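Asker: Knowing the structure of chain A, use the given hints to seat chain B on it.
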Amino acid sequence: MSEAADADATSGVAEGASPTDEEAVLRTDGVTKRFGGLTAVDGVDIEVHSGEIVGLIGPNGAGKSTLFNCITGTLSADEGRVFLRGRDVTGRPEYEIARAGLGRMFQETRVFGEMSVRKNLLVAAQEGGAGVGSLLRRPDDRLLDRVDELLAYVDLGGLADVRAGRLSFGQQKLVEFAMELMAEPDLLLMDEPAGGINPSMLENLIEYIRRANEDEDATIFLIEHNMDFVMEIADRIYVLAHGERIADGTPAEIQNDQRVLDAYLGRE
Amino acid sequence: MSTGSEEGGALRSILPPSRVDDLFGFCGDHAWALLGVGAVVGTLPPVFGLREGYYMTVLTEMYLFAILALSWDLVGGQTGYPSFGNMAFFGIGAYTTAILVKDVGIAFPVAMVGAGLVAVGFASVIGIAVLRLRGHYFAIATLGVLLAAQQVSRVLDITGGASGKILLDVPPGTAFYYLFFGLLIVEMGLVYYLSNTRFGFVLNAIRDDEEKATAMGFNTTYYKTAAWMLAALFTGAAGGGYSLFNTFIDPQTAYNGAWNVELIAMALIGGTGTVAGPVIGAFGLHTIIEIVETAFVGWQLVILGAAVIVTVVGFPKGVVGSLGEYAGEMEYYKRGGMAAGGGEAASDPEAEPEVEAGE
Numbered sequence: 345m346s347e348a349a350d351a352d353a354t355s356g357v358a359e360g361a362s363p364t365d366e367e368a369v370l371r372t373d374g375v376t377k378r379f380g381g382l383t384a385v386d387g388v389d390i391e392v393h394s395g396e397i398v399g400l401i402g403p404n405g406a407g408k409s410t411l412f413n414c415i416t417g418t419l420s421a422d423e424g425r426v427f428l429r430g431r432d433v434t435g436r437p438e439y440e441i442a443r444a445g446l447g448r449m450f451q452e453t454r455v456f457g458e459m460s461v462r463k464n465l466l467v468a469a470q471e472g473g474a475g476v477g478s479l480l481r482r483p484d485d486r487l488l489d490r491v492d493e494l495l496a497y498v499d500l501g502g503l504a505d506v507r508a509g510r511l512s513f514g515q516q517k518l519v520e521f522a523m524e525l526m527a528e529p530d531l532l533l534m535d536e537p538a539g540g541i542n543p544s545m546l547e548n549l550i551e552y553i554r555r556a557n558e559d560e561d562a563t564i565f566l567i568e569h570n571m572d573f574v575m576e577i578a579d580r581i582y583v584l585a586h587g588e589r590i591a592d593g594t595p596a597e598i599q600n601d602q603r604v605l606d607a608y609l610g611r612e
Numbered sequence: 047m048s049t050g051s052e053e054g055g056a057l058r059s060i061l062p063p064s065r066v067d068d069l070f071g072f073c074g075d076h077a078w079a080l081l082g083v084g085a086v087v088g089t090l091p092p093v094f095g096l097r098e099g100y101y102m103t104v105l106t107e108m109y110l111f112a113i114l115a116l117s118w119d120l121v122g123g124q125t126g127y128p129s130f131g132n133m134a135f136f137g138i139g140a141y142t143t144a145i146l147v148k149d150v151g152i153a154f155p156v157a158m159v160g161a162g163l164v165a166v167g168f169a170s171v172i173g174i175a176v177l178r179l180r181g182h183y184f185a186i187a188t189l190g191v192l193l194a195a196q197q198v199s200r201v202l203d204i205t206g207g208a209s210g211k212i213l214l215d216v217p218p219g220t221a222f223y224y225l226f227f228g229l230l231i232v233e234m235g236l237v238y239y240l241s242n243t244r245f246g247f248v249l250n251a252i253r254d255d256e257e258k259a260t261a262m263g264f265n266t267t268y269y270k271t272a273a274w275m276l277a278a279l280f281t282g283a284a285g286g287g288y289s290l291f292n293t294f295i296d297p298q299t300a301y302n303g304a305w306n307v308e309l310i311a312m313a314l315i316g317g318t319g320t321v322a323g324p325v326i327g328a329f330g331l332h333t334i335i336e337i338v339e340t341a342f343v344g345w346q347l348v349i350l351g352a353a354v355i356v357t358v359v360g361f362p363k364g365v366v367g368s369l370g371e372y373a374g375e376m377e378y379y380k381r382g383g384m385a386a387g388g389g390e391a392a393s394d395p396e397a398e399p400e401v402e403a404g405e
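Protein chains in written order, with the working numbering: chain A, 345 to 612; chain B, 47 to 405.
In short, the hints are calculated from the structure, not lab data. Careful, some of the hints might be misleading.
To be verified - For the chain A half of the interface with chain B, some residues (derived, Cβ under 8 Å), not all of them: (1) Gly424; (2) Phe427; (3) Arg486; (4) Arg510; (5) Ala527.
As the list claims (entries may be wrong) - One side of the interface only, derived from the structure: several residues of chain B facing chain A at Cβ under 10 Å: (6) Phe245; (7) Asn250; (8) Arg253; (9) Gly263.
The model shown is predicted, which means the values in this text are computed figures rather than measured ones. Ideal placement from N, C-alpha and C gives every residue a C-beta, glycine not left out.
Chain A on its own, in the form it takes in the complex (with noise of 0.2 Å):
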């Protein structure tokens, strides 16, 4: 954690780009959503390798979240497509997208507010599908140890049958988080992981992140507007600026890129 970020991305660097040659978790393809007259995501491609932490950033409005919606299908793209593992999930529902490994962590944080934590890590188990069957079943003792396991993880062990809602903000950041890793997607889209949350509690979250995306081979793509938090934390970092993306490569060149400082800065 201490060292320097530029040090730490390269060496993440590294380490994602060894699997390129197998197909992409995540590809999107000329992806375009229009709002009215709005054209709020144009023509965007994005790559995310097995393994790989990618950020995306860009100024307020650039079109972030509404990629995100486009890509988890809660919008559907006006054009363009979506690749999960090679397999094209354009236009699928919301639900199938989610079942084909595709996890979400919102923007403002959503937990099973009257359930208490370990039900809500219960649910987003998705081993054994939908089938009736393992739905009709208690949860068995490796579900349940699972459970215990990433409470203990994120150091909420001894809250697991407090109702989730009476937790403060940052816990339920983290119980979302370990909800995400119960589930173990293939991809987790992460939106704003650092928002809102203190400098202490933002160390641990880097830590949990990182510790995720090497002991559980968890693939990540977030949306963060800290700065720091996602130069510390990415392997690659895509930068859109109205709708377009103006950038993507190491934390160190986009630290160095002139548009994107000028995106962020409001100069065209």
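Answerer: Structure of chain B alone, referenced to chain A:
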């Protein structure tokens, strides 16, 4: 909301939260045994001579309302879709049995199963349409379904039109006592079992945040419809029993809008989203209504309204829910948030004890 540390000091000393917590723990650990004991106790009154008369009828109706309230809660409480149209299933079940027994000549038990199945079929068709709506829109649409079903039965010949159907040659009172009681026990067991499966968790997840549940890969329409059909099965079967129990069925009694309000009140008062809550609410409120009906004729709806207001304002989570809250109020503090994890979190200068998040 208040943490309740000042008020209720006397209650606190007589019944400390830990005691209530123990009670909840005991009920959770021995739920099946308790249900079994309840089942045995419930079979006793007729054995000890209570075979007919006022109290027999009151008890039987109590079980009937408990079935209706528990069925309502499956969708209204567990899944968060408050329906004002559950009595449509009841009415369809009631008419199905009446027609099958009187006009077709099918045996009563078979007709009652048929009533449940017809209600399920109706629910599956209606559910796909109305379960897309949320909140107020869902409530209004289900009310519309109830009124439409009532109107249809008023017009058709097969249902006897506005004058309804009279059913003679009905089984004795004890048969209905055991019928409704058995149905209630089966339903309680089933709902309790389901509430501990992932199916039950998904229903609760839909109640808490349906969009999140969708984003997690659940086709929520499918789960909502399944819960709705299960509710229709029990409500329809109960209606099927009721038409013969009552020996008479007409559009007003079969699709009784006031009952629909009553059974919602029962679930709310007892505590939605639990198994015991709607049953306790049904027993309690029906007892109150019976007392009021005999002692203060004509005031029952006023009392009902007052009971709902007191519950919603004073105990928004109902008897069981409020007790649960009371029992668990110290849980979060006892386990101490982040500090509970120990390890590395404990070494952090944790600037985050804002424990009021949920309250």
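Asker: Is the shortest C-beta separation between Gly424 (chain A) and chain B less than 8 Å?
Answerer: 21 Å, violated
Asker: Can you verify the interface hint for Arg486 (chain A): is its Cβ closer than 8 Å to any Cβ in chain B?
Answerer: 14 Å, violated
Asker: Go through the hint on Ala527 (chain A) and say holds or violated, using the shortest Cβ distance to chain B against 8 Å.
Answerer: 7 Å, holds
Asker: Quick check on Asn250 (chain B) please, does its C-beta sit within 10 Å of some C-beta on chain A?
Answerer: 5 Å, holds
Asker: Report holds or violated for the interface hint on Phe427 (chain A), using the least CB-CB distance to chain B and a cut-off of 8 Å.
Answerer: 18 Å, violated
Asker: For the hint on Phe245 (chain B), just tell me whether its beta-carbon gets within less than 10 Å of chain A.
Answerer: Where the cut-off is 10 Å and the nearest Cβ of chain A is about 4 Å from Phe245 (chain B), the hint holds.
Asker: Have a go at the Arg253 (chain B) hint: is there a Cβ in chain A nearer than 10 Å to its own Cβ?
Answerer: Arg253 (chain B) check passes; min Cβ-Cβ to chain A is 7 Å, inside 10 Å.
Asker: Does the interface hint hold: is Gly263 (chain B) within less than 10 Å of chain A, judged Cβ to Cβ?
Answerer: 4 Å, holds
Asker: Could you check if Arg510 (chain A) really has its C-beta closer than 8 Å to a C-beta on chain B?
Answerer: With a closest approach of 4 Å, the Arg510 (chain A) hint holds.
Going down the numbered hints, you'll see the structure goes against 1, 2, 3, while the others check out.
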